[in-house]
Amino acid sequence: MSVVQGKRIVVAMSGGVDSSVAAALLKESGYDVIGLSMQLYDQREGDVTFGSCCTIDDLHDARRVAVSLGIPHYIINLERRFEETVVANFVHEYLAGRTPLPCAHCNSELKFAELIDRASAFGADEVATGHYARVDQDQATGRWRLLRGVDSTKDQAYFLFPLTQAQLAHAVFPLGHLRKTEVRELARAQGLPVADKRDSQEICFVPNNDYASVVARRAPEAVLPGRIEDTSGHLVGQHEGIHHFTIGQRKGLGISAPAPLYVVRIDAGTRTVVVGAKTDLERSALEATGVNWIAGGEPSGPVRATAQIRYRHAPAAATIEPLGTARARIVFDTPQPAITPGQAVVFYDGDEVLGGGWISATLR
Amino acid sequence: MTTRIYLDHNATTPPAPEVVDGMTRSLREAFGNASSIHAEGQRAKAAVDDARTEVARLIGAEPGDIIFTGGGTEADNLAIRGVLDAAAPTRSRLVVGGIEHEAVINTAKALAKRGSAVTVLRVDRDGLVDPGALADALADDVALVSVMTANNETGVIQRVAEFARLAHGHGALFHTDAVQAVAKIPVDVAALEVDLLALAAHKFGGPKGVGALWLRRGTLLSGVITGGRQERNRRAGTENVPAIVGFGVAARLARERLATDGPLVGALRARLESAILELIPGTAVNAAGAPRVPNTTNIAFENVEAESLLIALDLEGIAVSTGSACSSGTLEPSHVLRAMGLPHRRVQSSIRFSLGSTTTGEEIDRVLAVLPGVVQRLRAVGRR
Numbered sequence: 045m046s047v048v049q050g051k052r053i054v055v056a057m058s059g060g061v062d063s064s065v066a067a068a069l070l071k072e073s074g075y076d077v078i079g080l081s082m083q084l085y086d087q088r089e090g091d092v093t094f095g096s097c098c099t100i101d102d103l104h105d106a107r108r109v110a111v112s113l114g115i116p117h118y119i120i121n122l123e124r125r126f127e128e129t130v131v132a133n134f135v136h137e138y139l140a141g142r143t144p145l146p147c148a149h150c151n152s153e154l155k156f157a158e159l160i161d162r163a164s165a166f167g168a169d170e171v172a173t174g175h176y177a178r179v180d181q182d183q184a185t186g187r188w189r190l191l192r193g194v195d196s197t198k199d200q201a202y203f204l205f206p207l208t209q210a211q212l213a214h215a216v217f218p219l220g221h222l223r224k225t226e227v228r229e230l231a232r233a234q235g236l237p238v239a240d241k242r243d244s245q246e247i248c249f250v251p252n253n254d255y256a257s258v259v260a261r262r263a264p265e266a267v268l269p270g271r272i273e274d275t276s277g278h279l280v281g282q283h284e285g286i287h288h289f290t291i292g293q294r295k296g297l298g299i300s301a302p303a304p305l306y307v308v309r310i311d312a313g314t315r316t317v318v319v320g321a322k323t324d325l326e327r328s329a330l331e332a333t334g335v336n337w338i339a340g341g342e343p344s345g346p347v348r349a350t351a352q353i354r355y356r357h358a359p360a361a362a363t364i365e366p367l368g369t370a371r372a373r374i375v376f377d378t379p380q381p382a383i384t385p386g387q388a389v390v391f392y393d394g395d396e397v398l399g400g401g402w403i404s405a406t407l408r
Numbered sequence: 029m030t031t032r033i034y035l036d037h038n039a040t041t042p043p044a045p046e047v048v049d050g051m052t053r054s055l056r057e058a059f060g061n062a063s064s065i066h067a068e069g070q071r072a073k074a075a076v077d078d079a080r081t082e083v084a085r086l087i088g089a090e091p092g093d094i095i096f097t098g099g100g101t102e103a104d105n106l107a108i109r110g111v112l113d114a115a116a117p118t119r120s121r122l123v124v125g126g127i128e129h130e131a132v133i134n135t136a137k138a139l140a141k142r143g144s145a146v147t148v149l150r151v152d153r154d155g156l157v158d159p160g161a162l163a164d165a166l167a168d169d170v171a172l173v174s175v176m177t178a179n180n181e182t183g184v185i186q187r188v189a190e191f192a193r194l195a196h197g198h199g200a201l202f203h204t205d206a207v208q209a210v211a212k213i214p215v216d217v218a219a220l221e222v223d224l225l226a227l228a229a230h231k232f233g234g235p236k237g238v239g240a241l242w243l244r245r246g247t248l249l250s251g252v253i254t255g256g257r258q259e260r261n262r263r264a265g266t267e268n269v270p271a272i273v274g275f276g277v278a279a280r281l282a283r284e285r286l287a288t289d290g291p292l293v294g295a296l297r298a299r300l301e302s303a304i305l306e307l308i309p310g311t312a313v314n315a316a317g318a319p320r321v322p323n324t325t326n327i328a329f330e331n332v333e334a335e336s337l338l339i340a341l342d343l344e345g346i347a348v349s350t351g352s353a354c355s356s357g358t359l360e361p362s363h364v365l366r367a368m369g370l371p372h373r374r375v376q377s378s379i380r381f382s383l384g385s386t387t388t389g390e391e392i393d394r395v396l397a398v399l400p401g402v403v404q405r406l407r408a409v410g411r412r
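As they're listed, the protein sequences go chains A and B.
Just so we're aligned, residue 45 is where the first sequence starts under the numbering used here, counting upward by one.
Just so we're aligned, residue 29 is where the second sequence starts under the numbering used here, counting upward by one.
One should not assume that every hint holds.
[As the list claims (entries may be wrong)] Think about it this way: if two alpha-carbon atoms lie no more than 20 Å apart in a straight line, the pair counts; the simulated SDA-like pairs of lysine to any residue are:
1) K51(A) <-> E344(B)
2) K71(A) <-> S164(A)
3) K71(A) <-> K137(B)
4) K137(B) <-> R150(B)
5) K51(A) <-> G345(B)
6) K51(A) <-> K137(B)
It should be emphasised that the hints constitute simulated quantities derived from the structure, not laboratory data.
In this text the structure is predicted, and so the values were computed from the model without any measurement.
Only chain A is shown next, with the shape it has when bound in the complex:
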């Protein structure tokens, strides 16, 4: 008899193949599984086509999977909290000239925060998700460690860096040891109704990847035109609002130039978008705020690590200098292109997440 036999656990079900297989694996291992799906935004507003995660169809898929597994399933309404935390932050970041990472905010501030509370109310001590990540406890220190999923093409530890020790203590990631192809095979073998469903690629509340419209709809008064300048400060064009831009962006600048131009800087104060050559994108260091040291609290001095400045970024060798008050400076061995304020910088020791923070500034 397994140690988890009859132990109650809540699994967050999005209706996708990953969380469905996570639920199936938990059920198979003897857990008393409760499926919860989160309704995060009002899907009836307008006629827009919503993104690919947790639409009403996805909620129905989650329910079908739960029925096929024979587990109870509930949809909980978190619209208000989602709007107040994740969406509000998303809009605020764009208007501040940064490029937000809502999924990471959602994981720590909403998903795990809310689900752990709910789970406890339902007599469950643990919360599982379909993330490709691993968690274990360091026997020496008692601290919980966050590790990359073994499938490097799907690893999602990057999005989980803000999780607190208390949250990690309750987190279960059943897919952390699996490859995506194995997850698909398991889904088919189990006959799950979502076995062949395509993966979601978009941010759930942003229809058709149209970030600008989401910002403009919620803060129309803050959407103001401004200048596009080159790196010498010469006017080269006009724009309709800084929220249309991200660092490294090449398309949609509306400027014809002999060599390709990239957004290299966004100045929210003057609403100026600065464009330059590809080499102008390179930065050797950055500063981060909201730094969460998962592995062992803030170190007393600089540590060597690899750092990732966006989800799809090859980890680069760097020195992490703690600055106190949850801040840090990250100095790369070689300059990195398009370091983007608002995104997360996550530091690793091999597969282990040492910590991470929000990129606030870049340094040459």
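Position chain B relative to chain A; hints supplied.
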């Protein structure tokens, strides 16, 4: 697997075994089209008319004044749209209660969108429609007043006869959605003095998808669903014979059992309610000051999220409900409790228990054994 305790009879009821038998027999033996002249058709027609007689008897009506519909919502739609469509051009206003079921509220909203004048009547803290508000709303342009007999969420019984007299005094017709009242309290169309009354079979042991509109003879009403001449040209479409037969059986059972079941259910509700108030601090009954149908109690649990309480109870094998469910099955704040002026926090903390004729004292005991612990757990989490 624990046995389930079903306390959500205002949502729907388990079909009575006699209903299942009657419907099964009808499917096997009365498959004909009730409009056909041949023997098969006649058999189906006879089954429909037997059911019509039973439904009529349940509400003190004549069989010829019953129009079968595809449910309570359709009956409300037929009443409201049918009366407004047939009314004189000078009478175009619709007056509805502030705590009506969505079948009425959303029909009124749809008509308002198309240009009809609509007045919504305020209710007091106990959910009772204010007679003064109705008196103020009544003018010569009012075609129809619609106030429900009993509310689905609180069980509050409105003073329908008084309202109907007021409406008639101004030449307006009066409709009542009696879906939650029929088979819970005596409902008699003559005593209520109404012109139209809607009911649904599945709220008292009948099948889903069948209901009826009673229409006072001589009342002008246009059909809404057009087609064949079924139901005296008021509701087109081949009769759903097995469902109507089930409706008839349920109506007969309800009539036979109301006098005994009503007080039994009422005693169980009283026990549940007083024990909750006594055992669990920070609880209050919503609409406690109003007359209520005997099976329903709507209780606020301070500092408990109703959504979580519902789920926690379901996991314990107890089915209750809160507010009205939207399409995806999530919860929206109850418009009924909001209309009563209850604070948002209390609305979000309120749960409805609705008992039925099959509810037992053992089930109530089990609920009372489980509930205090569940509430305590939820409150502990909320305080973190």
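Here's how the hints hold up against the structure:
1. Distance check on the hinted pair: K51(A) and E344(B) sit about 15 Å apart at the alpha-carbon level, within 20 Å; holds.
2. Simply put, K71(A) and S164(A) have alpha-carbon atoms about 19 Å apart, close enough for the 20 Å limit, and the pair holds.
3. A C-alpha spacing of about 46 Å is found between K71(A) and K137(B), which places the hinted pair above 20 Å, so the restraint is violated.
4. For the hint pairing K137(B) with R150(B), the CA-to-CA distance comes to about 16 Å; that is within 20 Å, so the pair holds.
5. A hinted pair counts as satisfied when its Cα atoms are at most 20 Å apart, and K51(A) with G345(B) qualifies at roughly 18 Å.
6. Between K51(A) and K137(B) the CA atoms are separated by roughly 48 Å; this puts the pair beyond 20 Å, and the hint is violated.
In summary, the numbered hints that this structure violates are 3, 6.
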